[in-house]
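Engineer: Sequence:
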Amino acid sequence: MSGQPSSSTVRLAAETWEALFRSQVAVMRRLQSAPAFKKMPAKEYDVLFTLSRCPSGKLRLNEINDKVLLSQSSLSRLMDRLEKRGLVARGVAPDDGRGVLLELTEAGLELQKTIGREHVRDIAELVAPALTPAEQRELLRLTEKLRASVSGH
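Just so you know, we're using full-length UniProt numbering here: the sequence shown kicks off at 1 and counts up by one.
Hints in this document: simulated from the structure, not taken from any laboratory.
One or more of the hints may lead you astray.
[Claimed, not checked] Derived BS3-like pairs: lysine-lysine, alpha-carbon spacing no greater than 30 Å straight-line:
#, residue 1, residue 2
1, 113, 58
2, 145, 67
3, 113, 84
4, 113, 39
5, 84, 58
6, 145, 58
7, 43, 113
8, 84, 43
9, 58, 38
10, 38, 84
Whenever a hint applies, use it, and build me the whole structure from the sequences.
Structural biologist: In C-alpha cells, the structure reads:
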C-alpha cells in the first residue's frame, strides 16, 4: 500500500471542504450585509475582535495575521487606518525594543463591543433556525477538531 488515499476518500474530503467553504461564504455574505457591518467592514471588525479576545490585550502584527484572513501588507494598511481613527494604538514590546505591540484603545473596545453585540444576534438569527443546539455543538466540535489538526495542535 502506498499510503495514498483512495479516490473515494479524496472525493469525500473535497466534497466536505466545498460544503464547509460554501456554507461559510453564504453565512458571511449574509452577515456582512447586516446592519452591524454598516458601521465598520467585517475585516476591520475581525481585527478589533481578535485584539479583544487576547488575554493581555496586546498582540504583535504577525500574531494578528495568524488569526485573520488577510495578507501581511493588507493587514499593515488596515492597522494604519484603525490607528488613524483612534481605534488601535501601537506600543513598544517590553522584551524587544524594536517590536511593536498593538492594542485596542477605549474607543476601539467600545466599538468592538457595540458591533459585537449586534453581530452575535445576527449570527443567532442565521444559525439557530438551521441547526438544533445538539447540531450546533457537534458542528463546533468538528470544526475545532479540523482547525486543531490543520494548526498542529
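Engineer: For each hint, tell me whether it holds in the structure or not.
Structural biologist: How the hints compare with the structure:
1. 113 x 58: 17 Å, holds
2. 145 x 67: 17 Å, holds
3. 113 x 84: 20 Å, holds
4. 113 x 39: Cα-Cα ~12 Å, so holds.
5. 84 x 58: This hinted pair holds, its Cα atoms lying about 18 Å apart.
6. 145 x 58: 27 Å, holds
7. 43 x 113: 15 Å, holds
8. 84 x 43: With a Cα-Cα distance of about 16 Å, the restraint between residue 84 and residue 43 holds, given a limit of 30 Å.
9. 58 x 38: 26 Å, holds
10. 38 x 84: 19 Å, holds
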